[in-house]
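Peer 1: Assemble chains S, P and Z onto chain V, guided by the hints.
Protein chains in written order, with this note's numbering: chain V, 6 to 136; chain S, 6 to 136; chain P, 6 to 136; chain Z, 6 to 136.
Hints are computed from structural coordinates only; laboratory data are not their basis.
Careful: at least some of the hints might be erroneous.
One copy or any two copies: either way a pair holds, since identical chains are not told apart in the list.
No farther apart than 25 Å at their CA atoms in a straight line, the calculated lysine-lysine pairs in the BS3-like style are these [what the hints assert, rightly or not]: (1) K117 to K10; (2) K71 to K126; (3) K52 to K101; (4) K52 to K116; (5) K124 to K71.
There are 4 protein chains.
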Amino acid sequence: MFTQKIIPRFGETDALRHITNTTFPCWFEQARNPIFKIFNPDLDFDKLNLILVHMEFDFLAETFLKSEVEIRTYIDKIGNTSFTLLHEAWQNEIQKATGKVVIVYLNSETKKPFSIPDKYKAKLKEHFKEA
Amino acid sequence: MFTQKIIPRFGETDALRHITNTTFPCWFEQARNPIFKIFNPDLDFDKLNLILVHMEFDFLAETFLKSEVEIRTYIDKIGNTSFTLLHEAWQNEIQKATGKVVIVYLNSETKKPFSIPDKYKAKLKEHFKEA
Amino acid sequence: MFTQKIIPRFGETDALRHITNTTFPCWFEQARNPIFKIFNPDLDFDKLNLILVHMEFDFLAETFLKSEVEIRTYIDKIGNTSFTLLHEAWQNEIQKATGKVVIVYLNSETKKPFSIPDKYKAKLKEHFKEA
Amino acid sequence: MFTQKIIPRFGETDALRHITNTTFPCWFEQARNPIFKIFNPDLDFDKLNLILVHMEFDFLAETFLKSEVEIRTYIDKIGNTSFTLLHEAWQNEIQKATGKVVIVYLNSETKKPFSIPDKYKAKLKEHFKEA
Chain V
6 MFTQKIIPRF GETDALRHIT NTTFPCWFEQ ARNPIFKIFN PDLDFDKLNL
56 ILVHMEFDFL AETFLKSEVE IRTYIDKIGN TSFTLLHEAW QNEIQKATGK
106 VVIVYLNSET KKPFSIPDKY KAKLKEHFKE A
Chain S
6 MFTQKIIPRF GETDALRHIT NTTFPCWFEQ ARNPIFKIFN PDLDFDKLNL
56 ILVHMEFDFL AETFLKSEVE IRTYIDKIGN TSFTLLHEAW QNEIQKATGK
106 VVIVYLNSET KKPFSIPDKY KAKLKEHFKE A
Chain P
6 MFTQKIIPRF GETDALRHIT NTTFPCWFEQ ARNPIFKIFN PDLDFDKLNL
56 ILVHMEFDFL AETFLKSEVE IRTYIDKIGN TSFTLLHEAW QNEIQKATGK
106 VVIVYLNSET KKPFSIPDKY KAKLKEHFKE A
Chain Z
6 MFTQKIIPRF GETDALRHIT NTTFPCWFEQ ARNPIFKIFN PDLDFDKLNL
56 ILVHMEFDFL AETFLKSEVE IRTYIDKIGN TSFTLLHEAW QNEIQKATGK
106 VVIVYLNSET KKPFSIPDKY KAKLKEHFKE A
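Just chain V, same shape as in the assembly (with noise of 0.2 Å):
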């Protein structure tokens, strides 16, 4: 599990006084940080290997700008050439919303899809949800 505290922003509010949809997408984005981290230490752009091609959103209960939200991330499955990943977002011990994430692999010259190397797998194995 990779975990993220989250300080919510005023603007991260809308008309409803809670933290508005838009805003975990971009909450969960952080806290994939470590995990491109992964895959590219430097964050250099040009070698950029990793792209998202799905997203998904649940939302249980309302979040609220007074309190800090923790991400927890988890590596859901490890296929040939992508991997799916799990956020939730806690606040006061509540679960408020549910994230999962598709993100497939890229040989960095060919922009094409390719096998993840072994030694990025045992890394994302480390952070299943049993583990």
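Peer 2: Relative to the frame of chain V, chains S, P and Z by itself:
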């Protein structure tokens, strides 16, 4: 079908030099304004009676800053207390991304799910994909 | 004057139930697209030759979700290597916010400030406030 | 001085491969959370008593995705009904951007500007730049 023209903003690009994936939830939300007005013509926030519970996105091809984007929005399904929307993002006649959103109708006093009145269902039905 | 119509997005509101102040930099940026195209018609990022060095905003009245907003953009001053823009946000014929932005022209190879060529100055001059 | 650590998000970059300028208003806003709590400890939106009337930003150097950013916030001036804040964004011990924000204190019932009570002035004074 509802359509909404979008002019991409420079800050909606990312270091990969295309529109960043967290922008699409915001574009699709803008495209839903006419749907909110079906249920709440004055956009009176105290009477707000819709809540988004699920959203998902598939990225088919890169979207660029240079050209206008058209968001096409359809009704996919209408249930008793909820309905599902489909969004498509088109740029230069190429479909770049799709989205699916589930919205629950609430009683604006109790804030509990409530049967969607027939008058609203009739308006939604005008926007089925095959219609 | 350049004009840009904006349809506010639900997520651009905040818990005070008006458009949140961090939205205005994004709206004004969208309104500058035609100015970027004067200097870089193909929006070729490798040849980008403008950089924003200062921006400021004054909030005069609340902006609401309900109605379209018009951004009016003028050229305020043209110096040797930089120019200043004025932005105004109008909603229902009321001026809601103003902005001022300073942009420096760069040599696209050296990335150093460079004298603005006369052909660009002439195009900018068409958009002076009094013009 | 108030300090706030920021972990940049991939979507906060732009096609120039640095943090886009519209991100800074959001980061500085997050850094003001402790100031809002001085005036409104419960963040009760119905009693909100501060309004931002001016904000400005100077960009000194590029900010990158790779490294944490520290936002340092100071009180610059305290007037009768308003006060001015200074923000600085630092990354790897280099100052990248500055901001100045003017906030007006409102009577939470009338929503009109009101003399800042001495107890709040005393708290603000602890954060003068020279302090």
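Peer 1: Each hint needs a verdict: does it hold in this structure or not?
Peer 2: A quick look at each hint next to the structure:
no., hint, result
1, K117 to K10, "neither (34 Å within a copy, 31 Å between copies)"
2, K71 to K126, "between (38 Å within a copy, 23 Å between copies)"
3, K52 to K101, "between (35 Å within a copy, 23 Å between copies)"
4, K52 to K116, "both (10 Å within a copy, 23 Å between copies)"
5, K124 to K71, "between (41 Å within a copy, 23 Å between copies)"
When the structure is compared with the earlier hints, a violation turns up for hint 1 alone.
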